[in-house]
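Colleague: Protein chains in written order, with this note's numbering: chain A, 1 to 537; chain B, 1001 to 1305.
Rather than coming from a laboratory, the hints here were simulated on the basis of the structure. Quantities reported herein were computed from a predicted structural model and do not represent experimental measurements. Keep in mind that the hints are not guaranteed to be accurate.
[Said to hold, decoys possible] For lysine-lysine, the following DSSO-like pairs were computed, each having C-alpha atoms within a straight-line distance of at most 27 Å:
(1) B:Lys1220 to A:Lys155
(2) A:Lys421 to A:Lys201
(3) A:Lys87 to B:Lys1213
(4) A:Lys41 to A:Lys158
(5) A:Lys155 to B:Lys1002
(6) A:Lys95 to B:Lys1220
(7) A:Lys130 to B:Lys1066
(8) B:Lys1002 to A:Lys134
(9) A:Lys14 to B:Lys1205
(10) B:Lys1205 to A:Lys143
(11) A:Lys158 to B:Lys1048
(12) A:Lys402 to A:Lys363
(13) B:Lys1220 to B:Lys1205
(14) A:Lys95 to A:Lys135
(15) A:Lys135 to B:Lys1066
(16) A:Lys347 to A:Lys290
(17) B:Lys1205 to A:Lys87
(18) A:Lys474 to A:Lys399
(19) B:Lys1002 to A:Lys100
(20) B:Lys1205 to A:Lys158
(21) A:Lys347 to A:Lys398
(22) B:Lys1213 to A:Lys74
(23) A:Lys347 to A:Lys74
(24) A:Lys518 to A:Lys201
(25) B:Lys1205 to A:Lys241
(26) A:Lys355 to A:Lys290
(27) A:Lys466 to A:Lys527
(28) B:Lys1048 to B:Lys1066
(29) B:Lys1205 to A:Lys41
(30) A:Lys135 to B:Lys1053
(31) B:Lys1066 to A:Lys95
(32) A:Lys421 to A:Lys239
[Said to hold, decoys possible] These stretches of chain A come out as covered by chain B in the derived footprint (C-beta under 8 Å, 3 or more residues):
(33) 103-111
(34) 125-132
(35) 159-167
(36) 428-434
[Claimed, not checked] Sample of chain B residues with no beta-carbon within 10 Å of chain A, all distances over it, derived:
(37) Ser1006
(38) Ile1013
(39) Ile1060
(40) Gly1074
Virtual Cβ for every residue (Gly too), placed ideally from N, Cα, C.
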Amino acid sequence: MVTKVSEAIKSLLKVNNLSVSFDTAEGSFDAVNAVNFDLKKGETLAIIGESGSGKSVTASVIMGILTCPPGRIKSGEVLLNDLDILKLSDSERRKLMGSKVAIIFQDTLSHLNPVFSVGSQIAECFDVHKNLSKKESWNRAVKLLERVRIPNPSKRAKDFPHQFSGGQRQRVMIAMALALEPDIIIADEPTTALDVTIQAKILELLGELRDERNMGLILITHDLAIAAEISDKVIVLNKGKIVEKGITRDVFINPNHDYTRQLMDSIPGKIKKQKKKISKKFSDPILEIKNISKFYDTIACDNVSFNLFPNEVLGIVGESGSGKTTISNLILRLASPSNGEILYHGKNVLNFNKKDLFNFRRKVQVVFQDPYASLNPTMNIYDIISEPWVIHSDFLDKKSYKSNVSDLLTSVGLHPDDAIKFPHQFSGGQRQRIAIARALALNPEIIICDEAVSALDVSIQAQIIKLLLNLRNKFSLSYIFIAHDLPVVKDLADRVIVMKSGKIIEQGLVNDVFNFPKDKYTKDLLKASPSIENLII
Amino acid sequence: MKQYLSKRIFSSILAITGLFVMVFFLARLTGDPGHLYLPIDAPLEVRKEFSEKHGFNDPIYIQFGKFLGDLTDGNLGYSLRKERPAIDIVLEAIPVTLSLAAVAMSIALLGAIIIGSLAAYRPNGIFDRISRVVSLTAASAPDFWIAITAILIFSVSLGWLPTSGIGGVPYWIMPIGILVIRPLGLLVQVVRGSMITALSSDFVKTARAKGVKENVVIFKHALRNGLLPVITVAGDQAAAIANGAVIVETIFGWPGIGKLMIDSIMQRDFAVVQASILITAIVILSINIIIDIAYAILDPRIRHK
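Here chain B stands alone, though its shape is the one from the complex (with noise of 0.2 Å):
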């Protein structure tokens, strides 16, 4: 098992090193910054020199050469609209999409994994009926739309709630409930699949001839084992919305990383778009590699391979 997580670690960063070199290329196919940070009407001299000063003339293996270097140092380059170090800006911004992921897929985790495996005691019970509808609803909800709907309702009309920003329990609301209800809808569907091949398989049956109550049977004996699907989807999802909620944070005004790489993205602040993919990709494979470990500590049969 040690050897396989090594091995698994030595590929991330592989995985990461490749990506980089990407991003750094595909970042600079979208054109020359200097349009965007001068005005428009900036003469040829103040451009020349904008670009001598940040190395944009230099043929792009040299970029490319210098941006490596820096690395090596832990400098992921400055922001230009910030003028502070890129990785600085990012790493104001990723405890916020995290603190959001970790609480919605909580909730998501959670929720699903109690009705799905109320939904998968009786098949086709009343209670699955109910919850097979709203679940594929749910999964097939249009965030963006729900968003500004709970906006008009909640904050506009009744103004129980902030419309955006970020502070305490009141400001979570609305952004994690939006957050929730798609991994939900998608999650229970899950559990309840994976609930009813194992309450269907023969050691529920040892169980009962045990005398094990019905609870036990289904969270204990069952549940264990129909866990590693739903383990995988939700990490699925969780990276997901690690990977930026941009359409909640938008929204909703959060300073996270979705809304950081898209505003950066736009403004061609390269170095900020680096740094935040890097930290991206950073957490989206340690959220595999944790995946990789739940596996291995639900089921022996994978951690003595």
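Bound conformation, chain A alone (with noise of 0.2 Å):
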């Protein structure tokens, strides 16, 4: 997938020296620092890097979309065929962006307005840069939606944003930077959201997209496997400053900085487990699903059964809309399977009473996804924790509070004096520690941890990972694990249960599963799940 590029051909982009700054309210701190790269046609340049290292802002200096104030550009040019638009007046500049340089956002939902059909925001396009008829705009866009493969293009042109899927929306977001046949396309993330399948046919689209027009790619992601297997030469970010760039092969095969080792170190899949004993099959389980299904409109979970054994770790894996979330939402009770049996100890949750229901719900617990979303911003820390305890108030006594919640916050990483702090003052991972430390505090048997480590940085990933396998031998606790990243699973996990549109396609133990899959859904799953390995060989 390497292009070659000759020497001669001029850079269709040239960052020189950018800095820029942003203004808070604790004084102002640098979000890119010095960063100078270049970008010839043909090519795909990877920048790298985690939340808060500069990747997205350098983008939206480079879109004139950098909300200023609070940011603020200290010095540097953005050289456009040799032009500075950071020079340019904001009407001479609008003229570039979109046909010079175009840009595909992470999150389509909400970067697709809402209220407009998606043809019409396409079309859009030709109304701003181009005298077209509004006929011959919308008849372009009906085209541009053919070529990245919307089926039925002319119906669909009229349809809403919310009418699509996710990797669909990344395609209208795609023909939408290819209206006007732009130099240079900036990839933002394009893939974070996406199932993994989805994923690999857009990476493939843009990489068919790009040498086709020979337009010069630049993919930003924090997925170090995605930058391996696109891209051409890569530049590792790290707060604002590059500490490492180079073609693609040799910085991964030979990282020189400290950062991009640390950062490759991190990619899941790469633990090594301490082989456990397998006793399972003489233990009881503590959890036994038999045969539920549940069906909203459509089918969402089918005949699935399966069992949790103490102390080990069951992965649910499975692209959106297999069900996974089902399963859990129907443990934990929040809805109810149309049929089949849930048995707790070989009791049967679905005929508890309130008093059992209360009590079996102390039992298990859940981590969410979105450390953001799942705890409530305006109680602090101490509230957060000790929550369970006041709704479970024969669990513990008032003035044991305290001290538990300082236990709670030292066995998940953090410092007692944390017990004050509110949910904003701290980070993603961090704010994942102290959803974990609510799910412990009432000394549960097990934890359903719904994509739990999904929004995270990498190597705050593996971290979290780290912790939750410590945790689990502490507190001798199960989890079910539910991720559509499989990597992480292979962490993990003990056990797997593939999913597939609410049904089980195979399950094992995760090395079988992993190395030596049965069904072709598992196949292609693995296939599909991008690996420096690949580069690497």
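Assembly of the complex is requested from the two constituent chains, each provided in isolation within its own frame, with the hints serving as guidance.
Modeller: In structure tokens form, the structure reads like this:
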């Protein structure tokens, strides 16, 4: 996939010594610090970094959509075909945006305007930059939708963003970026929210379009594996500074900087687990799921059966709509199954009276995906962690709250003094630690982690996985670990269930399923999952 | 959506029926109309005859039955005071109030959208600060006092505008002006709030990245999204005016529904009270249905539910 580029070709884009700072109440900090890079025709540059590394800020500067204030461009130049766009007036720069350089965003549901049809949003590019008739603009928009392989484009153009799937919306976004045949497309985390098989198709499409039109592509990502698969050269950003740059292959095979190495080490799928004795068959399961189904308008979950044993990590993998979260809701009794049984220590949870259910809930806790949404912003950490005891008032004497909160914070790697702080004072990874501490408060037997690490940076992800494994041994917990990210499950789980369209496709020990998948779908999933090893081989 | 609307209309009819039953009985708690309509020294026989004639002596459920029977014929009763069908009187008053409400709300809405959007474009900028103070003052303005002061200044001292009555443009200026102040102040604040949210949305970034001009970003991309909460509040305000701009109508002598209702309650003219409540209820529920339709037009996500 590496394209040959002759040195003689001029740079499409040159970023020289760019520095951006943000003025906040706590003072100003440098989001981007003396960044240099260039991009030539047909080339793909990957900008890698974790959240807060300055990669999206860099893209905003190039696109002229940095919000100032609080942002402030301190120095540097952004040369687009030798023209410094930072020196242009707003109206001069607007002429270049969309026509010479275009951007594809990550969260397509919020980045497409919900109240206009996708066709009109694409056609707007022509309205803004070219004097075309309404009809001609519309026809071109339909053609673009066809190019990005939206089925039935002339009819679909009239539909609104919410009527498309995530993958299709990303295709719409790509069509919009392509509209005026720009020289450069910036793709800012274009596949982060997508399922792995969809991700593979979107990346393939981007590569194809780049080659077809000989465009320059800037791929901003936190996922090293994606960068490895599609880019020619790469820069690694940390706290606004470039720590490493070079040809993709060289950087990944022989990273020079500690930070790059640390990122590489955090890639899931590498943690070596100590072999545990598998004595599962001889102990009784805590939880037996027997033939449960759940019907909404569609079949969310279809005749699913599995067991969970003490001190076990059971991974459930599958793409969106596969029924993973439905199962979690059924076990938590947030929804009732249409039929089937859930046995907890041999007793049917569905027949529990109010008091039994109350006690059952104590034993089954949950950690959600989004640590920003799952903690009440108006409560401090002490209140958040001690709330389960207020609800289950017989669990703990009020006098012990304080010492127990301190103990829990310590076990999840935070400081007891953090109890008086509020959620917004913590980073994403720290918040997820708080959510885990809250889940531990009632001494549960089972913790359900619903995509608990997917919103986190890769190095933080690795830390949380380690924490979860330690806590399992310390408190003899069982986890049901729901994820769409296969390598993460490989690191953490003992056994794994693969789901598709509400059905279990395959289940077994993690190493068996990952190394010798039997079902075709499992094989496809594993194949679609990008990995650095492909590059190295 | 059609199903939703028909459901909505059905529940509106139920609401009107309920309201009607309540008004019928509550109005009769205010006392015997005979006390008001007959001279203080009217002899007992005259009083009896008056009550007999208008059916006030019948048990209340019979009165209610009669009332329902008349209602099915489209007869809302006879005004005691004016000796005309109550519905005719109400139908004369309602267009006066509705045209006041329509003009006032259009001005308030348009003004609020422009001022609120510009204020939201640069929050805490100089324009935003000025508009915040002015709109807060307007939203909390005592309209009866402003009305009287305005008459004093513009009619009495300067002699520019007529003090009261109904007629050409000069007659409209003060009543409309007074009616606009409060909704305008309130709506500017609602528009500002929802436009700040809309303008910081991600799709605004997408539009800017396409090279869309700023005025199009504000008044096309952001406004269409920011309008929903504005419409709710505007509908509420419009309903309040339609319900009778009592103070303005009384001060400026506009023969609208608000003035009519107050007068007929004072006079225990039951038939007119009932008819005006029925008609205003229909108007208000229609406004609500129009808001629902506006929602669906503005936001396809609601349309597809």
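Colleague: Confirm or reject each hint.
Modeller: Quick rundown of the hints versus the structure:
1. B:Lys1220 to A:Lys155: Between B:Lys1220 and A:Lys155 the Cα gap is close to 24 Å, so the pair holds against 27 Å.
2. A:Lys421 to A:Lys201: Violated: A:Lys421 and A:Lys201 sit about 43 Å apart, past 27 Å.
3. A:Lys87 to B:Lys1213: Distance ~18 Å between A:Lys87 and B:Lys1213 Cα, so the pair holds.
4. A:Lys41 to A:Lys158: Since the Cα atoms of A:Lys41 and A:Lys158 sit roughly 34 Å apart, the hinted pair is violated (cutoff 27 Å).
5. A:Lys155 to B:Lys1002: holds, 22 Å
6. A:Lys95 to B:Lys1220: holds, 19 Å
7. A:Lys130 to B:Lys1066: violated, 71 Å
8. B:Lys1002 to A:Lys134: violated, 31 Å
9. A:Lys14 to B:Lys1205: With a Cα-Cα distance of about 23 Å, the restraint between A:Lys14 and B:Lys1205 holds, given a limit of 27 Å.
10. B:Lys1205 to A:Lys143: With a Cα-Cα distance of about 24 Å, the restraint between B:Lys1205 and A:Lys143 holds, given a limit of 27 Å.
11. A:Lys158 to B:Lys1048: Violated - the C-alpha atoms of B:Lys1048 and A:Lys158 are around 72 Å apart, more than 27 Å.
12. A:Lys402 to A:Lys363: Distance of about 22 Å is within 27 Å: holds.
13. B:Lys1220 to B:Lys1205: holds, 13 Å
14. A:Lys95 to A:Lys135: holds, 22 Å
15. A:Lys135 to B:Lys1066: violated, 63 Å
16. A:Lys347 to A:Lys290: Measuring from Cα to Cα gives roughly 12 Å; hence the hint holds.
17. B:Lys1205 to A:Lys87: With a Cα-Cα distance of about 21 Å, the restraint between B:Lys1205 and A:Lys87 holds, given a limit of 27 Å.
18. A:Lys474 to A:Lys399: Answer holds: A:Lys474 to A:Lys399 is near 24 Å, not above 27 Å.
19. B:Lys1002 to A:Lys100: violated, 45 Å
20. B:Lys1205 to A:Lys158: holds, 22 Å
21. A:Lys347 to A:Lys398: Violated - the C-alpha atoms of A:Lys398 and A:Lys347 are around 32 Å apart, more than 27 Å.
22. B:Lys1213 to A:Lys74: Measuring from Cα to Cα gives roughly 25 Å; hence the hint holds.
23. A:Lys347 to A:Lys74: violated, 66 Å
24. A:Lys518 to A:Lys201: holds, 23 Å
25. B:Lys1205 to A:Lys241: holds, 25 Å
26. A:Lys355 to A:Lys290: Roughly 23 Å between the alpha carbons, so the hint for A:Lys355 and A:Lys290 holds.
27. A:Lys466 to A:Lys527: holds, 26 Å
28. B:Lys1048 to B:Lys1066: holds, 19 Å
29. B:Lys1205 to A:Lys41: With Cα atoms ~26 Å apart, B:Lys1205 and A:Lys41 stay inside 27 Å; holds.
30. A:Lys135 to B:Lys1053: Violated. A:Lys135 to B:Lys1053 sits at ~72 Å, over the 27 Å cutoff.
31. B:Lys1066 to A:Lys95: Distance of about 74 Å is beyond 27 Å: violated.
32. A:Lys421 to A:Lys239: Holds - the C-alpha atoms of A:Lys239 and A:Lys421 are around 25 Å apart, at most 27 Å.
33. 103-111: holds (count 5)
34. 125-132: holds (count 3)
35. 159-167: holds (count 3)
36. 428-434: Coverage by chain B is violated for the region 428-434 of chain A (0 residues, Cβ < 8 Å).
37. Ser1006: About 22 Å separates B:Ser1006 from the closest Cβ of chain A, which puts it past 10 Å; holds.
38. Ile1013: Per Cβ check, B:Ile1013 is outside 10 Å of chain A; nearest 30 Å; holds.
39. Ile1060: B:Ile1060 clear of chain A: closest Cβ-Cβ about 48 Å, beyond 10 Å.
40. Gly1074: holds, 43 Å
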